[in-house]
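Work out the full structure, taking the sequences as your base and the hints as a guide.
Chains as they are written, first to last, in the working numbering: chain A, 26 to 293; chain B, 60 to 408; chain C, 775 to 1050; chain D, 775 to 1050.
For the record, the hints were derived by calculation from the structure and aren't laboratory data. Hints may contain errors.
Straight-line C-alpha distance at most 30 Å; calculated DSS-like pairs for lysine-lysine [stated by the list, open to error]:
#  : chain 1 : residue 1 : chain 2 : residue 2
1  : A       : K45       : D       : K794
2  : D       : K984      : C       : K907
3  : C       : K913      : B       : K400
4  : C       : K794      : D       : K913
5  : D       : K947      : C       : K957
6  : A       : K257      : C       : K957
7  : D       : K794      : A       : K102
8  : D       : K846      : A       : K102
9  : C       : K900      : D       : K794
10 : B       : K99       : D       : K913
11 : C       : K907      : C       : K957
12 : B       : K400      : A       : K102
13 : D       : K797      : C       : K907
14 : C       : K900      : D       : K984
15 : B       : K99       : B       : K89
16 : B       : K403      : D       : K794
17 : B       : K99       : B       : K188
18 : B       : K99       : C       : K900
19 : D       : K900      : C       : K985
20 : D       : K985      : C       : K797
21 : B       : K99       : B       : K198
22 : C       : K947      : D       : K947
23 : C       : K947      : D       : K985
24 : D       : K947      : C       : K978
25 : C       : K907      : B       : K403
26 : A       : K45       : B       : K403
27 : B       : K400      : A       : K45
28 : D       : K913      : C       : K984
29 : B       : K272      : A       : K177
So the derived label-pair ranges between C-beta atoms look like this [stated by the list, open to error]:
#  : chain 1 : residue 1 : chain 2 : residue 2 : range
30 : B       : D268      : A       : L173      : 42 to 50 Å
31 : D       : L838      : B       : L386      : 18 to 26 Å
32 : B       : I116      : D       : R783      : 32 to 40 Å
33 : C       : S800      : D       : D991      : 52 to 60 Å
34 : A       : K261      : B       : K403      : 13 to 21 Å
If you want the ones that stay clear, here's a sample from chain B, every Cβ over 12 Å from chain A, calculated [claimed, not checked]:
#  : residue
35 : D65
36 : K188
37 : R192
38 : G194
39 : T196
40 : A206
Only a predicted model underlies this, so the values are computations on that prediction, with no experimental measurement involved. Glycine included, every Cβ here is placed at the ideal spot set by N, Cα and C.
One-letter residues, chain by chain:
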Amino acid sequence: MSNMINSLSNMRLLDDLARKETFIHRIHPLIKLLTTVVYLTVVVSFERYEIIGLLPFIFYPILIFAFAELPVAPILKMILLIEPFIIGIGILNPLFDHSKVLFGGIAISKGWVTFLSILIKCSLTVTASILLIATTGMDRFAVALRMLKIPKIFVLQILLTYRYISVLIEEVSRMIRAYSLRAPGQKGLKWSAWGSFAGQILLRTFERAERVYQAMNLRGFTGEYYTGDIAKLSFKDLAYFAAWSLFFIIARIYNIPVLIGSLFTGVI
Amino acid sequence: MMHMADALISPAVGGTMLATTAGVAAYSIKKLQNELDEKKIPLMGVMGAFVFAAQMINFSIPGTGSSGHLGGGMLLAILLGPYAGFLTMASILLIQALFFGDGGLLAFGCNVFNLGFYTCFIAYPFIYKWFTRKGITSKRIFAGSMASALVALQLGAFSVVLETLLSGKTELPFEKFVLLMQPIHLAIGIVEGLVTAAIITFVWRARPDILEKAANEEAFGNISMKKVLTALSIAVVVVGGLFSWFASANPDGLEWSIEKTAGTAELEAPDGIHETLSEIQSKTALLPDYDFKASENEKTAGQAENAWPAVNAGTSVSGIVGGALTLALAVFTGWVIMLIKRRKIKTTA
Amino acid sequence: MSHHKIEVRNLYFSYPDGHKAIKNMSFSIYHGESIGIIGANGAGKSTLLMLLMGVYFPDGGEVLVGDVRVTKKTLPMIRQRLGMVFQDPDDQLFMTTVYEDVAFGPRNYKLEEEDVERRVMQALEKVGIPHLKDRAPYKLSGGEKRSAAIASVLSMQPDVLIMDEPTSGLDPKSRRRVIDLLKSFEHTKIITSHDLDMVLETCKRIIVIKKGEIAADGTAVDILSNEDLLNSCGLELPLSLQKCPVCGTSKGKFGYIHEKIVVDKEAKKELRLTRE
Amino acid sequence: MSHHKIEVRNLYFSYPDGHKAIKNMSFSIYHGESIGIIGANGAGKSTLLMLLMGVYFPDGGEVLVGDVRVTKKTLPMIRQRLGMVFQDPDDQLFMTTVYEDVAFGPRNYKLEEEDVERRVMQALEKVGIPHLKDRAPYKLSGGEKRSAAIASVLSMQPDVLIMDEPTSGLDPKSRRRVIDLLKSFEHTKIITSHDLDMVLETCKRIIVIKKGEIAADGTAVDILSNEDLLNSCGLELPLSLQKCPVCGTSKGKFGYIHEKIVVDKEAKKELRLTRE
Ligand SMILES: Nc1ncnc2c1ncn2[C@@H]1O[C@H](COP(=O)(O)OP(=O)(O)OP(=O)(O)O)[C@@H](O)[C@H]1O
Ligand SMILES: Nc1ncnc2c1ncn2[C@@H]1O[C@H](COP(=O)(O)OP(=O)(O)OP(=O)(O)O)[C@@H](O)[C@H]1O
Ligand SMILES: [Mg+2]
Ligand SMILES: [Mg+2]
Chain A
26 MSNMINSLSN MRLLDDLARK ETFIHRIHPL IKLLTTVVYL TVVVSFERYE
76 IIGLLPFIFY PILIFAFAEL PVAPILKMIL LIEPFIIGIG ILNPLFDHSK
126 VLFGGIAISK GWVTFLSILI KCSLTVTASI LLIATTGMDR FAVALRMLKI
176 PKIFVLQILL TYRYISVLIE EVSRMIRAYS LRAPGQKGLK WSAWGSFAGQ
226 ILLRTFERAE RVYQAMNLRG FTGEYYTGDI AKLSFKDLAY FAAWSLFFII
276 ARIYNIPVLI GSLFTGVI
Chain B
60 MMHMADALIS PAVGGTMLAT TAGVAAYSIK KLQNELDEKK IPLMGVMGAF
110 VFAAQMINFS IPGTGSSGHL GGGMLLAILL GPYAGFLTMA SILLIQALFF
160 GDGGLLAFGC NVFNLGFYTC FIAYPFIYKW FTRKGITSKR IFAGSMASAL
210 VALQLGAFSV VLETLLSGKT ELPFEKFVLL MQPIHLAIGI VEGLVTAAII
260 TFVWRARPDI LEKAANEEAF GNISMKKVLT ALSIAVVVVG GLFSWFASAN
310 PDGLEWSIEK TAGTAELEAP DGIHETLSEI QSKTALLPDY DFKASENEKT
360 AGQAENAWPA VNAGTSVSGI VGGALTLALA VFTGWVIMLI KRRKIKTTA
Chain C
775 MSHHKIEVRN LYFSYPDGHK AIKNMSFSIY HGESIGIIGA NGAGKSTLLM
825 LLMGVYFPDG GEVLVGDVRV TKKTLPMIRQ RLGMVFQDPD DQLFMTTVYE
875 DVAFGPRNYK LEEEDVERRV MQALEKVGIP HLKDRAPYKL SGGEKRSAAI
925 ASVLSMQPDV LIMDEPTSGL DPKSRRRVID LLKSFEHTKI ITSHDLDMVL
975 ETCKRIIVIK KGEIAADGTA VDILSNEDLL NSCGLELPLS LQKCPVCGTS
1025 KGKFGYIHEK IVVDKEAKKE LRLTRE
Chain D
775 MSHHKIEVRN LYFSYPDGHK AIKNMSFSIY HGESIGIIGA NGAGKSTLLM
825 LLMGVYFPDG GEVLVGDVRV TKKTLPMIRQ RLGMVFQDPD DQLFMTTVYE
875 DVAFGPRNYK LEEEDVERRV MQALEKVGIP HLKDRAPYKL SGGEKRSAAI
925 ASVLSMQPDV LIMDEPTSGL DPKSRRRVID LLKSFEHTKI ITSHDLDMVL
975 ETCKRIIVIK KGEIAADGTA VDILSNEDLL NSCGLELPLS LQKCPVCGTS
1025 KGKFGYIHEK IVVDKEAKKE LRLTRE
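Structure below.
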């Protein structure tokens, strides 16, 4: 339950962040979406034993964090929340693969290497998705989807779902608050109240959702969200996309850290 | 129900599934546009939000020590009908991928398919509908929800196994993974069935109009269903075949496509750079054993020990040193930018 | 303009659970009229407004807006003319910032972005909340939400303004602002409220509803000073027509001022209200 | 009983987005006092009540209820004594029928079912809605919901009653009923409201909040008749202390009655209010 309320406040934090006005925020939403997709594809395309080669990809999130003036701590917290899940799957690797490999003179199990690789990939991909929304926001993201010719009805569906998630979680948290105030001695919900709770929430949200939708209709809504001016693609946007893509591709083809490292160790 | 993560799939699998899902979604949208009424739009949104919230409640599965959460696909299918249900599932998963990195943009297709397709297009029409074909009673709701949830989750779980293995990112042997996933999802399926039945019964009592509307949606002729399925399997075979062809010819489909694009006129430069660089590389041997050939090893990585990309003490050391430097540089850059920005804010303020 | 006329003929409405909320209502509202709809809790005021707006459809009878019957087909046309503020502002605010919310209506009419901005700022100023424009609606206090909800309808510049308890939850200053705004609105307006003093100030005609039926329909002054009628409908005299605490002892001087002293005995003593 | 004392010391609170809602508030409330908390929209009234109830926890300072500090640990104990009615009644009702909802609190105290029933019916009668007892809360009208919310707290028979705008949305009869109920409640009560007439009737002491800080703390009469203070805090004189429409012309007889005529010129004319 606190889970749910946490995620609501996380969503709202991202909403707030998306309203900042930095150079990253002003990049066209479609470009940011495409850049993210390229990034994800490249990161994921690394084979399962790769660790070192993945490291340069951390530049992308770090630069976005810095340029978009995003707070590091709360977003890191969100990312860490996902990790246990990945660990849950990745942790099986060391169990199944005991074969050893020499790495920097130390023998380690290959299972651990793949595990680490998954962990890094996961952190990078999750961060990239979250940064996308934290610098774009749901409304502008929807504009990007529309430009990709995703049908109106689906985009609307996403926006409404997004909107109703707050309505619903709010409804839940209010009910829980009211409950705990009138059941002071109890910890959590009594199981017998669960059924009526879930049903109530559903019905209340039905009714509320209908009213919200009506309110939208009453204000001339016809299925298309207009979100003010979204500028056309500019040269800056294209340059942004090109620069990042170039970087990703080079970092994919050449193992930059090894390159730096051997230069360095060679020099020494 | 388990979500696939970006980190666990290969671009080939992710791409195939994304294409497949897009096909099903497009079909659903077309179907839906013909019969969409006013009340359905908010209802889809609400149910999406409801399932979204429900997926956040984790429950422990007795006897296994692991935990799971609801998929909600059956609930959506029954309350909204298959097309709207599928689309709603897709929007839930997209929001989760964006805001929580749960699942992911690349794994989006896999997740929608695993959670949405089997429930809305297999379990709902063939199982749930069969149970309730003679009208709705609470017993039939129960039996139908239970049976369809169980089947849908088993299919979904198996699908997760296949996608993971095809992606080759984990070490899990097939049988062990199957033996792990299927029983867990049996347990989750039971809970899912119970919850679905309870909620459907509740809604049926309180707002029978909602259920009737979904059930009466007659668009679901068997012929069209068959068409979808054939089209779908052809698509899977074709797309999957294509992807896996170039994936095996060139394990990283990306590099293949990069070379392709690099060959075209606009992007001539990278190709040149690439060639000169690899020349330099082979001459200076700065990058021992790390070139395209290494990836050939990957193809057989699962089977042979020598598949391990050659690692010797030299590269490892330079790798570790280089890695540390890269990280330090990245963090330093970020820090400097932040400092400069902060200074700017101060001076302007 | 005859098309601002709103006519309700033999209206019936039951909620899905069978609760009969509106029973055989008929009345007409002409262009430029200001109508107050009053009645006890649960009388059916909000339900009636929903029927006028075509949010619900009647089980019997009909609603005509300017000779056009409210049906699913005619809805888009009709709704361009009517603007409604819901009783619960949470139902009305659905965008991520107050600005976006107030801009939602004008943008749907495909106005130029600068016109949109002008309208939004105008509406926000009218209700006195320009400082809240970049806040998220769910972070507002109860009264701030209501003001934002009102602004979101004003920005659409409707021909007919329908408001369900517009002043509830507002602080006295904001309430005064809404009253002034209502007074300055020249087109038709329909307002429900339990704030009878506000109704007295802003409406010329009043319809009293009791258990889903019309109990009275007449001028504001006639109705709001008819204590027996109000009492029988779960209402009270407006405070401003109740006996004055100062000249309180001169009871019954005017026919419509009876009993009830608002400031209670004790407080009065402390005020040292001695009649000079 | 000293344990009914509520003390607030140097309280600070910011919402997660950084909005500073409460800044350095301190005051004490003794047993049996009736406190009105007033202030403009967004002043911080609801936030303050949430802090008293331990729904939020302060960033600085502390809240003491009968010498016990409000913390996560002491919450269960403290909440047994305090009963709160929220600003939005939807926040309060969560069971399937009104009866179940009102019975929820008493049942948690493991009372006998007949005692529960007695308490429930008593509470419903006090707010005048026994006829709604089998209805589903989400299907009620706005005012009916508020009455049900109040009943659900009354049935718990708390030592301290905290109400956030208890009369908003209520029809005049129900409002009167709530006022009578508040007057008859002997223990400590803390009420926020924009209905200053209600506050004047039910509270002896008033705390005025302005932008998260205490602007004034004193007797109801002193504060509610101080027009300058009220004006500077976004408030107005209560209607019952504003100039009376009847003896309106005798302006300024008492220091605290100035300007504002509530019934507007026109209505007044129609009322034929001639001074005799
Ligand atoms: N969704 C619903 N389902 C069933 N009954 C309802 C529903 N909404 C309202 N009612 C009932 O219909 C009647 C009229 O409700 P309505 O909301 O119109 O009252 P109202 O006059 O606006 O009251 P208030 O002054 O309290 O807002 C009430 O008795 C209420 O209980
Ligand atoms: N969840 C929230 N997040 C951020 N700010 C909030 C939140 N809730 C309220 N606020 C802000 O805190 C301030 C105090 O709000 P509060 O609800 O306490 O006001 P109030 O005095 O009860 O007003 P009202 O009379 O309108 O109910 C307001 O400025 C409001 O915008
Ligand atoms: Mg109402
Ligand atoms: Mg408040």
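We went through each hint and held it up to the structure:
1. A/K45 - D/K794: holds (20 Å)
2. D/K984 - C/K907: holds (20 Å)
3. C/K913 - B/K400: Holds. C/K913 to B/K400 sits at ~29 Å (cutoff 30 Å).
4. C/K794 - D/K913: With Cα atoms ~12 Å apart, C/K794 and D/K913 stay inside 30 Å; holds.
5. D/K947 - C/K957: Cα-Cα ~27 Å, so holds.
6. A/K257 - C/K957: Roughly 44 Å between the alpha carbons, so the hint for A/K257 and C/K957 is violated.
7. D/K794 - A/K102: holds (24 Å)
8. D/K846 - A/K102: holds (23 Å)
9. C/K900 - D/K794: Since the Cα atoms of C/K900 and D/K794 sit roughly 26 Å apart, the hinted pair holds (cutoff 30 Å).
10. B/K99 - D/K913: The hint holds at about 21 Å.
11. C/K907 - C/K957: Given that 30 Å is the threshold and the Cα spacing comes to 25 Å, the pair holds.
12. B/K400 - A/K102: Holds, because 23 Å separates the two Cα atoms, which is no more than 30 Å.
13. D/K797 - C/K907: Measuring from Cα to Cα gives roughly 23 Å; hence the hint holds.
14. C/K900 - D/K984: holds (22 Å)
15. B/K99 - B/K89: holds (15 Å)
16. B/K403 - D/K794: Holds. B/K403 to D/K794 sits at ~26 Å (cutoff 30 Å).
17. B/K99 - B/K188: It holds: about 20 Å lies between the C-alpha atoms, which stays within 30 Å.
18. B/K99 - C/K900: violated (36 Å)
19. D/K900 - C/K985: holds (21 Å)
20. D/K985 - C/K797: The hint is violated at about 47 Å.
21. B/K99 - B/K198: holds (26 Å)
22. C/K947 - D/K947: holds (25 Å)
23. C/K947 - D/K985: holds (15 Å)
24. D/K947 - C/K978: holds (23 Å)
25. C/K907 - B/K403: holds (26 Å)
26. A/K45 - B/K403: holds (16 Å)
27. B/K400 - A/K45: Distance ~14 Å between B/K400 and A/K45 Cα, so the pair holds.
28. D/K913 - C/K984: At roughly 18 Å apart (the allowed maximum being 30 Å), C/K984 and D/K913 satisfy the hint.
29. B/K272 - A/K177: Between B/K272 and A/K177 the Cα gap is close to 23 Å, so the pair holds against 30 Å.
30. B/D268 - A/L173: 42 to 50 Å: violated (36 Å)
31. D/L838 - B/L386: 18 to 26 Å: violated (50 Å)
32. B/I116 - D/R783: 32 to 40 Å: holds (39 Å)
33. C/S800 - D/D991: 52 to 60 Å: Between C/S800 and D/D991, where Cβ atoms are some 54 Å apart, the hint holds.
34. A/K261 - B/K403: 13 to 21 Å: This hint holds: roughly 19 Å between Cβ atoms.
35. D65: violated (4 Å)
36. K188: B/K188 is indeed farther than 12 Å from all Cβ atoms of chain A, at 22 Å.
37. R192: Check passes; 26 Å lies beyond 12 Å.
38. G194: holds (22 Å)
39. T196: Nearest chain A Cβ is 19 Å from B/T196, so the label holds.
40. A206: holds (22 Å)
This entry does not satisfy hints 6, 18, 20, 30, 31 and 35, going by the numbered hints stated previously.
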